[in-house]
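Participant: Protein chains in written order, with our numbering: chain A, 1 to 108; chain B, 1 to 176.
Keep in mind the hints are simulated off the structure, nothing from the lab.
Just so it is clear, the structure is predicted and the values come from calculations on it, not from any experiment.
All C-beta atoms in this analysis are idealised placements derived from N, C-alpha and C, irrespective of residue type, glycine included.
Mixed in with the good hints there might be a few duds.
[Unchecked claim] Facing chain A, a subset of chain B residues (Cβ under 10 angstroms, in silico):
1. A5
2. L6
3. P30
4. N37
5. M130
[What the hints assert, rightly or not] Okay, derived cross-link-like pairs now, EDC-like style, lysine to aspartate or glutamate, Cα gap no bigger than 16 angstroms in a straight line:
6. B:K47 to A:E33
7. B:K17 to B:E4
8. B:K17 to A:E33
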Amino acid sequence: MTSDKDLKQLFEAHRTEWSDNGFSEEIKHHLPERPSYLPPVLMLVSIIAGIALTVSVLGVTTIFANIVNFVSAVSLLQLPSAIATVTYVGIFATLCLIGFAVSATDLE
Amino acid sequence: MLNEALLVSRAALLGDKNAYSQLVVAYQSPIRRFFFNLTNGDEERSKDLAQETFIKAWLNISSFQAAAKFSTWLYRIAYNLFYDDIRAKKPTVGIEQAPEIGYDHSTDTHLNMDFAQALSTLKKEERTAMLLFYMEDQPVGKISGIMNCPPGTVKSHLHRGKEKLANYLKNSGYDK
Numbered sequence: 001m002t003s004d005k006d007l008k009q010l011f012e013a014h015r016t017e018w019s020d021n022g023f024s025e026e027i028k029h030h031l032p033e034r035p036s037y038l039p040p041v042l043m044l045v046s047i048i049a050g051i052a053l054t055v056s057v058l059g060v061t062t063i064f065a066n067i068v069n070f071v072s073a074v075s076l077l078q079l080p081s082a083i084a085t086v087t088y089v090g091i092f093a094t095l096c097l098i099g100f101a102v103s104a105t106d107l108e
Numbered sequence: 001m002l003n004e005a006l007l008v009s010r011a012a013l014l015g016d017k018n019a020y021s022q023l024v025v026a027y028q029s030p031i032r033r034f035f036f037n038l039t040n041g042d043e044e045r046s047k048d049l050a051q052e053t054f055i056k057a058w059l060n061i062s063s064f065q066a067a068a069k070f071s072t073w074l075y076r077i078a079y080n081l082f083y084d085d086i087r088a089k090k091p092t093v094g095i096e097q098a099p100e101i102g103y104d105h106s107t108d109t110h111l112n113m114d115f116a117q118a119l120s121t122l123k124k125e126e127r128t129a130m131l132l133f134y135m136e137d138q139p140v141g142k143i144s145g146i147m148n149c150p151p152g153t154v155k156s157h158l159h160r161g162k163e164k165l166a167n168y169l170k171n172s173g174y175d176k
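Chain A with its partners taken away, still in its complex shape:
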């Protein structure tokens, strides 16, 4: 009766190693694109964390007051203060980045 050892020997004797010969390169070129979700997710998390940190440091009242100052100044055809301008532009840019990050994750 053929033992396990004999069978193992038989199979190992016929265990051939296949050289790559461009096989893996061919596979790589045939791989369809896969969506990458991590960068937009990381961006979104960072933006939200940034907003939370800003609000906690400056306070909602201060930010709101600066926005009001900016809008009032513009409506009265006056130059708004630098702080108000920076606050307004910062919030506008943040909203744009959030929109970009959300649209990047919204893949078909």
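Keeping the supplied structure of chain A fixed, place chain B upon it in accordance with the hints.
Facilitator: Chain B alone, transformed into the frame defined by chain A:
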């Protein structure tokens, strides 16, 4: 040493083809060998099946659960593809027509025999179990996961496979 977990993560989360390509390089030989022996030495068919396996694994890599080994998961895909392939195609090579591959890697002349012919005497499930156990060194538990059957069934396939091969060796003049 290949950091499989990192490569799989990069492929799954970032769609990193270079990372996946390293996995292909590592596993192309055992997968191609597996198909080559399952298909009775049909090199073209085994290459096509191996390519399909890696592409299917890429498409479904997000569903890979890190609890299992990547090789086990890959063999499972390969096995399922093989089964789908033989259901879709009429076998072109029967037992009587199995090609004489005539491997001669061993210095032991007792083992210089038509390996493909010997394997073709086994049923598909027996051949799969024997190849995974004796050639690819997969334990019964992993084979059970690959073939999606209980370990007891795997042991039955191995037992029957051993008996058939033993008979074939005896009839081929293998002298113990």
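Participant: Each hint: holds or not?
Facilitator: Results of checking the hints against the structure:
1. A5: violated (16 angstroms)
2. L6: For L6 (chain B), the interface hint is violated, since the closest Cβ of chain A sits about 14 angstroms away, which is over 10 angstroms.
3. P30: At about 8 angstroms, which falls below the 10 angstroms cut-off, the nearest Cβ of chain A leaves the hint on P30 (chain B) intact, so it holds.
4. N37: This hint holds: N37 (chain B) lies near chain A, its Cβ roughly 8 angstroms from the closest one there, short of 10 angstroms.
5. M130: holds (8 angstroms)
6. B:K47 to A:E33: violated (22 angstroms)
7. B:K17 to B:E4: holds (14 angstroms)
8. B:K17 to A:E33: holds (9 angstroms)
In summary, the numbered hints that this structure violates are 1, 2, 6.
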